[in-house]
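Novice: Kindly generate the complete structure, drawing on both the sequences and the hints.
Residue numbers (the UniProt record's numbering), protein chains in the order written: chain A, 1 to 1291; chain B, 1 to 342.
It is possible that some hints are incorrect.
Which chain B residues face chain A? A few, computed with CB under 8 Å, are given here [as the list claims (entries may be wrong)]: (1) Glu9; (2) Arg10; (3) Gln18; (4) Tyr110; (5) Arg115; (6) Pro142; (7) Ala250; (8) Ala312; (9) Tyr313.
Partial chain B-side listing against chain A, Cβ under 8 Å, derived [claimed, not checked]: (10) Gln25; (11) Lys116; (12) Arg247.
These aren't lab readings, by the way, just hints derived from the structure by calculation.
For glycine and all other residues, C-beta sits at the position ideal for the given N, C-alpha and C.
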Amino acid sequence: MTWTNPLTLLRQGWTRHWNPERPVRTVVSNLPFEDLKKREQPNRQYEGNAIKTNKYRLWSFIPMNLFEQFHRMANIYFVGLAILNFVPVVNAFQPEVALIPICIILALTAVKDGWEDFRRYQTDQQLNNTPCFIFSRKQMCFVERRWKDVRVGDFVRVLSNEIIPADILLLHTSDPNGVCHMETSNLDGETSLKQRKVVPGFSTLGEPFQPHTFDSTVVCENPNNNLNLFKGYVERPDKRRTGFGIDSLLLRGCMVRNTDDAAGIVVYTGHETKSMLNNSGPRYKRSKIERKMNTDVLFCVVLLFFMCLIGALGHAIWLESFPSIPSYIVPDSNGNYTPSVLSGFYMFFTMIILLQVMIPVSLYVSIELVKMGQIFFITQDVELYDEELDRRVQCRALNITEDLGQIQYVFSDKTGTLTENKMVFRRCSIMGTEYCHEENAARLAVINGANEEEEVTIYQQTKLPSLFPLEELQDIHTGDENQANAQVTAANQRRSREAAGAQSDMAFSSPLETVVVPDRKLMLEVDREMASIQTGPYLDFFLALAVCNTVLLSSVTAQRQRVKGRRSSSYSGGSFHNMRQWFRKCGLGKVFTSMRFFKRRGETLRDPFSIDEDESDGFHSSDVSDATGQKDISSERKVKSGLSGSEEMCYEAHSPDEAALIHAAKAYGFTMVERTPHYVTVKLPDGALLKFEVLDILTFDSTRRRMSIIVRHPHTKEIIMYTKGADSAIMERLGNVFTDMSQVYSEAKQTAVKTQRDLDMYARNGLRTLCFAKKVISEQEFRAWSALRQEALSAIDEKEERLMETANFIESSFTLLGATGIEDRLQESVPETIQALRRAGMQVWVLTGDKPETAINIAYSCKLLEHEDLVFTFSTNRKSVFKMRVEDTLGELRRSTLSPGADPQFRGYSSAFTGPLMEPSIGLVIDGSTLSMAMSDELVEQFVELCKHCRAVLCCRVTPLQKSAVVKLIRQKLRVMTLAVGDGANDVNMIQAADVGIGVSGQEGMQAVMASDFAITRFKHLQRLLLVHGHWCYSRLANMVIYFFYKNVAYVNLLFWYQFFCGFSATAMIDYWLMIFFNLFFTSAPPIMFGIMEKEVSDSTLLSLPELYKRGQHSEGYRRSTFWIAILDAFYQSLVCFFIPYWTYNGSDIGIFAFGTPMNTVSLFTIILHLAIEIKSWTVVHWVIMIGSVLVYFIVTLAYSAICISCNPPSDPYWIMHKQMADPMFYLVCILTTVVALLPRYTLHVLRGTLAPSPHLRARQLERLSPSHREQRIREWRGLRDTCISPSPSA
Amino acid sequence: MKNEEEASERPDNTAFTQQQLPAWQPVLSAGIIIPGFLIIGLAFLGIGIALFLTSQTIQVLEMDYTGVEKDSPCFRCTSPSNQTCTCEVTFSLSTLFTGPVFFYYGLSNYFQNFRKYGVSKDDYQLTGDTQYFKSPRDVCFPYAHDSKNNPIVPCGAIASSMFNDTFELYQIINGTKKKVPLDGKGISWWTDYNIKYRNPLPVNGSFASAFDGTVKPINWPKAAYELDLTDPNNNGFLNQDFLVWMRRAALPQFRKLYRRITEGDYATGLPAGNYSLTVYYNYPVLSFDGRKKVVFSNVSWMGGKNDFLGIAYLVVGSLCVVMSVVMLIVYAKFKFSDDDDA
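Specialist: The structure is reproduced here in structure tokens:
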């Protein structure tokens, strides 16, 4: 699930190896051994709590850092060359000189590493020295110590709002119910509180904790990184065992909330804590370009090999060609002349040293820098900033920015990614009767449309005034007037919206979503049942809604002092936060107005004042008036103060569905007012409090797809199990409905059938469905089951399986209560985004766990499927049937695509810029079980081929594992670049399986974000991230890499050509220092700047013409041919740069370095101006760096040749540059050579721009037009694409 | 509230961070390219013509005196047995060879740029540091010590292989030889003579004593301190011929300045007439198929005669002009019709 650090694995393996007979960890109290020496401590083998994430120490920094760095191939190459250069027979430079590049690169990297490490060290120190309270036996109280002093077996006390120093098994809290709340946002970003329970029996409620009496042994698992799993037991001296799980563990790094103090025994410390084990740091992936680049580097190696071979052979032949040995050939140390073959052999290595720059090692360093810059700009993009969450886009993977520009397949989760994951209760069906909540729907429709205040106002004035009781309220309050008041309200709304700082109506609407307008008919039914019998299916249904969940209550002011800078992702948290602001703006007066109003209306059962709603003015009162609610303010207030004083309360729901349901229940007067581990209190519509004893909770899991709560009814003492879950998970477990034909069940059967019908209808309307059921359990049955359950709980082996078994056992023979339909609204701009991605040539797949009907509906509404599309739905359990259908479909598709004559793949590409295909748009809908058949070995090929034809694929009811399997399948079979986007823990697999994983930080915590490469806040950001940043990063990096290859080859070849005129003796005509500087300083900044800042087409054009993205998809920016063209160009340019000076100076009295100087200068000009041709937009930065580079060259060269009199024998730069610059020939040569070298490339650019302009060039030309003209052209362009397809596209 | 805003994650909305810096976006339009090519082309043609004409005015006289051919006056000097050999090369000028005339010797197939040859010198020795006289640097090996292990000064292959043919030029007027004065001053780089190379300080007032304990390079007929006994400023490491030789040639075919003819009757150049060049033939080149020649040349602002550059400029210039015409046609055919559509 979560990525495991290899180191961790290693450590775990080691630990296992170390304690082979000990798969578990036993911990005893340290207190009795407090005075003993360390090696007599019982827990001595466990690590301390001090953490050390820095790799180096001061004294070991240099050797260790060097060791680390030498793990890189590039550095080894460098070192190899340097060593080679120390071998006298093959050396090309003075040995020391060859060390310069490697030293500079190593030093730069070491400084960077050192700085990062120092920062880590500082953070560690800060953490390690944070104060905390540890129990001391001597002083018999908790004393202040540092985090680093905490050891396994210590007792630690954590106060409210303090950070937990280690993983602590909770033994005591100040809470009378033995719970402790914990906020895990430091760990996973979830701000909803998590409830932790004490392990019972080790402290007395209400009394101070006495650790010295703790004499038991804690047995738990060895450390692992699973944040949601922890198991073990406490064994008392009398061998009694008490089991515990993750809900008793306080995690390091989390914060204690709502609880005055909590204490427990430390089980994991330091690096063994779950949070540290989860701390994997940034991820490293290798991008597509880099993979390609590496093969091109290999080509360079081959090229280098051949060049060296030519050098070696040339040298040998040259030596052979002399009749006798000439005076300029120097004998070796023995005075002998090396045989020519051996000299040639030596020369091979010397050539490698001389031509080493051929392998663009600096490219790797440059790419790292460029990506840093690219990431900087991505995260700086204000368009990708989410005002509401105060979040930018996060780049978690540092080196795959350009992959964003090459995506071909997008796999998206639905819930929370395409949709808001802000659930709104829409409809319900109880006992087979459907209540459609029309008013609520109408209200929501208004909210959706209420982007303009005017609209709201108009609506209020004209339509359905009863729905907007604001007016009614004001009618009552101020008489019959006024539209003016409505206007005021609108103004208030606007202000409140501004206060919330939201640009959209989202933040504004969220409090409204929590409020449900009850259905009149249903309200009456509930009233009737309440009045008469105090029981019945309607009451049960709402009780189930209110009870069967894991929603927590928390007081707002006590702990929710989050700074706005932190995220407020939790549904209720976020909405209440905004609500408070709104409230402040609107003023308290209004609320009291409405309170009076309630009183006056005084009819029934409504409880609008519970906990949170007291702040909403207009909309809140809507349900009141509508419900014709009766209300006793004083009693309500009493309840409120009894609960939480004068504080506001909010629901802390783990899932938005639960929040929506609990709010729905509240709308009907069933308000959950308290939840402790042992009790749930629900206030009934008549104000009575029902305090259910909670006997057990079977939490939700994705296998069972349901959750249950077993409670004891306070009045009847019955043991009741309420269950909610996916319809299939409930329906198939109803008590014999479909098998037993007897009369008794016929009613139940009818209910089930009707409910199923309603469920299908909900699904068709795109609602999320949940079924509710109940079961009454007899006392004995429960007791028997409970025993089994306890056993399973305290088991260490196969705990999950056993728990599952027990859960399945009890969860059967339900009585169906009803079903709910919850709407999950689409996020803003989702259809537009999907369309843009489509137009950019990406295939969009949606993988969801929802029912096919729901998914299809959403697919239509987000434009994934169009109504004219041909949609194939595969949903079958029989392999043979499926196989047949797939084959049929495929056959049909083949016929239809082959008939126009062209190979579909080829056409697909060639038409990429001319127009879409006339293929029928095909959609594929497939469900989970069919999908698993499709992915079986014999069908997979056909399935993949089928998918290739489909414009959209929708996979429903898929498990997280299937999601990742699909992504892997497509990625491997089609060899395409895939992107997965999701928001929940169930998307983690998929995100990790894809080439690029995108996490949406939404309502479901941070697991997806933690696993992702990039984290965004809204789905619509994907459009900009891919089409703009992806495109930019791709073309920038592709161009830069190509340029780098070109640059190195062009420069190195100068030296190579010279070998033909110096007897292949590896002489360089350029001073070594200047040669090294040339790569390091003179020509390195421009390409890096180019890679970071180049902007061929502006973002607005890229967004309006998504088709431009296709270049990256087809890897057109960087292909093998581009590489070879660059290499050929480099060869040509180097030939020009060498031979024009050669022919100019041949036969003259020019000295060797005087000959090299114009060449060096010419190369510089050529290389810089070559880039200038490629740069498409020149900003100040470009000018500064380009001109600066040339200036630096001249300044450094002049200074060097003025200073170095005989500092660097045998080279002799002294005064050469000055002499050359005083000679007009120098300039004439420079001008001619530069022009000749660049003429072909420039001409090619010009001709291509005129004869066959690329889409990018055309787009660039569009940018020069006036805005109106441009839009017209863009429309034309698109229109052209849409209409001119019928004539053959490849023509 | 304010503080919250400040702590916000919100990125800076500046032109730089938003990548919206004002930018110049060159688009290659016909209006720029065609005139651009034309201007470059014409400018190049102009430069080319100037260069070519200048090059034409330069007179060059080259004479190979290696003596490979049997009828060559120096043929007899090529036999290895002939230790000291003099030969005479005669030539006649039909017109005045305008001065100042530069007198070069040229070698071909001589790889002064051979790497091991190139490193084989001791720069510290050559700055007059007598410490390095006793123990020359390793790079000079095997030209650092003679067989008796005496240090060689100047050490190394470059110095050892110094060109040692000498020339005397006579004008033959009515059968009598009139010596043409050759000016050997200032033929090396000013910086070499004045800054880079230094003679050792005289010991006991004797320059030669500074070289005590060292031997001359094996091939040299005279020690370094005897290179020019007539002029102390041209002796030792500061000998102009030595300095010229030590500046290694870039290419295997090269010439090096030997003398200038700037004095006396010949200040304005070599008048028309017959000349005789006496060659003291010492330097062996036949072992590597090398050739030796003498070159008389005068110079212009662009240095020696160089037709290549002028022609290259002319070719490239006309290419650009042709290109601009081609562009014009291309644009007329494609681009303008395209614009009409739009």
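Novice: Next, verify each hint and record whether it holds.
Specialist: The hints, checked one at a time:
no.: 1; hint: Glu9; in the structure: holds (5 Å)
no.: 2; hint: Arg10; in the structure: holds (6 Å)
no.: 3; hint: Gln18; in the structure: holds (6 Å)
no.: 4; hint: Tyr110; in the structure: holds (7 Å)
no.: 5; hint: Arg115; in the structure: holds (4 Å)
no.: 6; hint: Pro142; in the structure: holds (5 Å)
no.: 7; hint: Ala250; in the structure: holds (3 Å)
no.: 8; hint: Ala312; in the structure: holds (6 Å)
no.: 9; hint: Tyr313; in the structure: holds (6 Å)
no.: 10; hint: Gln25; in the structure: holds (5 Å)
no.: 11; hint: Lys116; in the structure: holds (4 Å)
no.: 12; hint: Arg247; in the structure: holds (5 Å)
In this structure, every one of the numbered hints holds.
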